[in-house]
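First to last, the sequence lines map onto chains A and B.
At position 25 of the first sequence the residue is numbered 25 (the working numbering), and the sequence of numbers has no breaks.
To convert, take the position in the second sequence, counting from 1, and add 1000; that gives the working numbering.
By construction, these hints were calculated from the structure, which means they are not laboratory data.
Keep in mind that the hints are not guaranteed to be accurate.
Here are the computed lysine-lysine pairs in the DSS-like style, where the Cα-Cα straight-line distance is at most 30 Å [as the list claims (entries may be wrong)]:
1) LYS149(A) to LYS33(A)
2) LYS7(A) to LYS33(A)
3) LYS1125(B) to LYS1070(B)
4) LYS1316(B) to LYS1332(B)
5) LYS1105(B) to LYS1125(B)
6) LYS174(A) to LYS1316(B)
7) LYS1281(B) to LYS89(A)
8) LYS149(A) to LYS1328(B)
9) LYS1075(B) to LYS1002(B)
10) LYS1281(B) to LYS174(A)
11) LYS1171(B) to LYS1105(B)
12) LYS1109(B) to LYS1070(B)
13) LYS1002(B) to LYS1066(B)
14) LYS174(A) to LYS1171(B)
15) LYS1328(B) to LYS174(A)
16) LYS174(A) to LYS1154(B)
17) LYS1109(B) to LYS1066(B)
18) LYS174(A) to LYS1125(B)
19) LYS1332(B) to LYS174(A)
20) LYS1030(B) to LYS1154(B)
21) LYS1328(B) to LYS1281(B)
22) LYS1105(B) to LYS1168(B)
Some, not all, of what chain A presents toward chain B, calculated at C-beta under 8 Å [stated by the list, open to error]:
23) GLY83
24) VAL157
25) GLU159
26) ALA160
27) MET162
28) LEU164
29) GLY165
30) THR193
31) ASP197
By construction, the Cβ of each residue, glycine as well, lies at the ideal position given by its N, Cα and C atoms.
These are the residues of each chain, in order.
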Amino acid sequence: MRRFIQKSYMGLVFGFLYLPIAYLIFFSFNSGKSKVIFSGFSFKNYVNLFQDEQIMQALLNTLIIAAISSVVATILGTMAAIGIQRLRKLPRNAIMNITYMPVLNPDIITGVSMMLFFSVLGISLGYGTVLLAHITFNIPYVILAISPKLRQMDVSVYEAAMDLGASPTVAFRKAILPQIMPGIISGFMMALTLSVDDFVVTFFLKGVEVETLATVIYTTTKTRINLSMNALCGVMVIVVLIILIIANLPAKQNAKKREE
Amino acid sequence: MKNIIELQNIHVSFDGETILDHFNLNIRDKEFVTLLGPSGCGKTTSLRAIAGFVQPQAGKVLFEGKDITKLPPHKRQVNTVFQRYALFSHYNVFENIAFGLRISKTPEKEIKERVHEMLALVNLKGFENRNVAQLSGGQQQRVAIARALVNNPKVLLLDEPLAALDLKLRKGMQNELLRIQRQMGITFVYVTHDQEEALTMSDTVVVMKDGLIQQIGTPEDIYNEPTNPFVADFIGESNILPGTMLKDYLVEFEGVEFPCVDAGFGENVAVDVVVRPEDIKIREPEEEALHGVVETVTFKGVHYEMMVRSANYLWKIHSITCREPGTKIGMKIIPEYIHIMAKEAGTAN
């Protein structure tokens, strides 16, 4: 009985999490137009999706913004994390708390404040402002992902590398970088997904001509409801799933190596 | 023998706290030198000044007569064995040792030869492909030593390399380090707070306290002829008590006159007297002028440790014969075992 309750509780949790998504994806294969009655299996919605220029443009924008912002944020965030780590205790704690602020801040405040900021400076909203905003809100996550790795790291390893003849740059590349790489990768992945996910900040900063997937889905669901949105969601879920699997693969291989 | 390293008037302070106070030290070629002192005495800082990790505010570091004070660590011909090994956890044993050779772009064939030579030297043959995290503390230490020696440094700096090992392993590694030093024929500068380690391994011991050198000498000198109470107390256990130098070769303490081997202090001068616990012989009270009553007895394995109260001083005595607490004993101290130090710490020499 106890086991049964435990199992059904688990089922309930996962049901709430995944049933709506499963439902969405299921109806993306509907040949009819209804979201309630399944009239037959077809890829028609997917074909429509990939022929929809607005969506394709939005997808391209999303990917470009995500790629550029996460790469830039990872580089800046890594440098910042190393710098912060070398500070004395008091300024370090102060800066780490300031770093936490944007993470805890509601997106809408980030979005509105940046919009106001850019308009005060007379910068017109568009691609550039979206990119800047994404880089900005990604940096704290990268710093937070790398800092624990830096703290765990034995600093004398860096000194050992220099002691053995490596210049500071080479010592960083050969001794520090490999040790904090897991942190950098997880920071990068986080930045990537946050950027792809983001709706609120993008919405306030995109101006009129730039659309990302999130904003397109939002405007589309407001006006015309069609099943290509379901297909789009299906594609996104599958892409995320693949990324997750890839991200977890190296960890497993490493674990295997260690066992050997 | 010529000096390979000279520290001239080195001054280092962090946040206004003086770590090294106008520090001077000459290290001779092929010598095993130990910097010995309690934590915070500046021994590690002087090592780091030689390696180049600490930039002194004043003074010079000379290497083979050349000023290397401003030279960055990677351009210095010294290598370091770090306290917690500081191995590269993402490399295996071979790559850890090969690191320095790869940096200097040594041909692959030579790298292989050199690394295998080093593995043989530190008794780690067959460990090439091991992950360093899988090694025991002692093995990791060997890798760290091999990695530092592969570049053929003229000086090897060792920062408390055995501190993390257990007692038995530490003894074994002490002998091994000595063997490696003889075999390679290079200078070792060794930092430790363990006086026994310093006495066993070194040609020269440098005793430090608060950024100042207290005494430099051979292990025998340091042990038998400490220049001040700090050295006497830090190197082994000592009875240190006030006395009066009546004239040359005659000292008075605890109301008893003792012949001694020291001279040149003047007449009726207050001095400190050092007697090692193992140098006091237990006799019957009527045989000796110096008396005491046994207060406590502790069994220490090789000997008994007795605390013995005389008129004004509580003596520590190590002896293989045991007397029950409450027993009155006579204490015999021969002239050679009485060591006299001038009163003002640090000025005697």
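TODO: Tell me if THR193(A) is really an interface residue toward chain B, meaning its C-beta lies closer than 8 Å to one of theirs.
DONE: violated, 26 Å
Task: Pairwise hint evaluation, LYS174(A) against LYS1332(B), where the allowed Cα distance is 30 Å at most - done: violated, 64 Å
Open item on the list: Hint validation: LEU164(A) versus chain B, beta carbon distance must be below 8 Å. Holds or violated?
Closed with: Status holds, d = 4 Å.
- [ ] Answer holds if the nearest beta-carbon of chain B is closer than 8 Å to that of GLY83(A); otherwise answer violated.
- [x] Since chain B brings no Cβ nearer than about 19 Å to GLY83(A), farther than 8 Å, the hint is violated.
Task: Pairwise hint evaluation, LYS1070(B) against LYS1109(B), where the allowed Cα distance is 30 Å at most - done: violated, 34 Å
- [ ] Compare the distance between the alpha carbons of LYS1328(B) and LYS1281(B) with 30 Å, and conclude whether the hinted pair is satisfied.
- [x] holds, 14 Å
Task: Straight-line alpha-carbon gap LYS1109(B) to LYS1066(B), limit 30 Å - done: Violated - the C-alpha atoms of LYS1066(B) and LYS1109(B) are around 33 Å apart, more than 30 Å.
Open item on the list: For LYS1281(B) and LYS89(A), compute the direct alpha-carbon distance and say whether it is at most 30 Å.
Closed with: violated, 56 Å
Open item on the list: Check the hint pairing LYS174(A) with LYS1125(B) against an upper bound of 30 Å on the C-alpha distance.
Closed with: holds, 25 Å
- [ ] Against chain B, run the beta carbon of VAL157(A) and see if the smallest gap drops under 8 Å.
- [x] Because about 5 Å separates VAL157(A) from the closest Cβ in chain B, which is inside the 8 Å limit, the hint holds.
Task: Closest C-beta approach of ASP197(A) to chain B relative to 8 Å, hint status - done: Status violated, d = 32 Å.
Task: Restraint check for LYS174(A) with LYS1316(B), where alpha carbons must lie at most 30 Å apart - done: violated, 55 Å
Of the hints listed earlier, those the structure fails to meet are numbers 1, 2, 3, 6, 7, 8, 10, 11, 12, 14, 15, 17, 19, 22, 23, 30, 31, in rising order.
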